[in-house]
Amino acid sequence: AQSVSQHNHHVILSEAASLELGCNYSYGGTVNLFWYVQYPGQHLQLLLKYFSGDPLVKGIKGFEAEFIKSKFSFNLRKPSVQWSDTAEYFCAVSNQGGKLIFGQGTELSVKP
Amino acid sequence: DTAVSQTPKYLVTQMGNDKSIKCEQNLGHDTMYWYKQDSKKFLKIMFSYNNKELIINETVPNRFSPKSPDKAHLNLHINSLELGDSAVYFCASSQDPDYGYTFGSGTRLTVV
Numbered sequence: 001a002q003s004v005s006q007h008n009h010h011v012i013l014s015e016a017a018s019l020e021l022g023c024n025y026s027y028g029g030t031v032n033l034f035w036y037v038q039y040p041g042q043h044l045q046l047l048l049k050y051f052s053g054d055p056l057v058k059g060i061k062g063f064e065a066e067f068i069k070s071k072f073s074f075n076l077r078k079p080s081v082q083w084s085d086t087a088e089y090f091c092a093v094s095n096q097g098g099k100l101i102f103g104q105g106t107e108l109s110v111k112p
Numbered sequence: 113d114t115a116v117s118q119t120p121k122y123l124v125t126q127m128g129n130d131k132s133i134k135c136e137q138n139l140g141h142d143t144m145y146w147y148k149q150d151s152k153k154f155l156k157i158m159f160s161y162n163n164k165e166l167i168i169n170e171t172v173p174n175r176f177s178p179k180s181p182d183k184a185h186l187n188l189h190i191n192s193l194e195l196g197d198s199a200v201y202f203c204a205s206s207q208d209p210d211y212g213y214t215f216g217s218g219t220r221l222t223v224v
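The listed protein sequences correspond, in order, to chains A and B. Quick note: the first sequence, position 89, residue 89 per our numbering, numbers continuous. Positions in the second sequence are counted from 1; adding 112 to them yields our numbering.
Excised from the complex, chain B in its bound form (with noise of 0.2 Å):
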């Protein structure tokens, strides 16, 4: 029973496609993030969702939108996709963010 899914789990893909990332939880909880870990494995925010709602959108291209369909789902989409958008994308989730996430097993992008 996996507890934070993604899909899939790499991607390769050529400069200026779009492209998307799913995640679901099946935890019930009612936070759910997106952070990009880089070439030296720094991961950094992107977006949170709380209950559908958009709560942090730390300062990422506008070429990145995040799709809450529902509480459990935080989907990522990527338009006119960049050699820099090469990246490992974790999904995550927290019943209160404060006391720390549970992550998916991550999304290999690279863009080629």
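The following block holds chain A by itself, in its conformation from the complex (with noise of 0.2 Å):
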């Protein structure tokens, strides 16, 4: 069965600091990846997406995420995390049959 992992459960950064956060999903055939934000108390919210194409996506607010088919890895990041980056991180797999997979979800506190 298809599925999603992220390893890192809580992340607590300072203010500046670089985020990596990892994701890994398990399915052969081609896939679409998604990670989502969701600010405390708020609904989920596209931060990018990665279809075909430069494996490097970028996203909204500074952020990045790198596609790695061999690993299939589809990570996350930020060169300079700010306090208001504090939110749950979703990672998400679409493998064309109608459903949205997402990973268990991170955690990222950012200390001012």
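Heads up, a few of these hints could be off.
Computed from the model, here is a short list of chain B residues facing chain A with C-beta under 8 Å [said to hold, decoys possible]:
id, residue
1, PHE159
2, ALA199
3, PHE202
4, SER217
Bear in mind the hints are in silico, worked out from the structure with no lab data behind them. All residues carry an ideal CB built from backbone N, CA and C; glycine is no exception.
The task is to assemble the complex, starting from two chains supplied on their own in separate frames and drawing on the hints.
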């Protein structure tokens, strides 16, 4: 069965630190990949997505992610985090079957 | 202009009651979904409708019954509520599921 794994349950950083959140998926076919963010008490918002082409995709708010097919990974990065980036981050995969499968989420806490 | 709107935002009810959550989207999308987010923030798909037809029905107790009167609405009715039903329920819509979803703001259901 298709699954998505996010390695870090809770990440704590100071402002201006660099961020990398890991995401691995298990599916052998063609996939579309997503990162969503959920700010405290809010709904999920799309940060970025990958369908094809350049494996390095840039999203909103300075986030980017790199698709490495050989590693089945789609890690999220940001060079310098801000306090306002404190949120829950979800990696998700769509296998062209009409269903979005989410990872278990990573809570990011940024200290001012 | 809210793209995907859910009502109510909060719902507190006693065990054994029957309740409904409404969802409407004004994006013209053909497909709508219900997701359940548990206390550990894990998101799991429950149902998906495409143009009023059920296309995804995950392993959900039959106390949960989605209803789609038209493609812009997907309501969730829950009978005989149990403590374990306490969660945040998110409605979402998409035009092409493989390109990501737009989520509603969620309904926090608390069963006491």
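(message) For each hint given before, does the structure comply? Return the numbers of the non-compliant ones in rising order.
(response) 1 and 2
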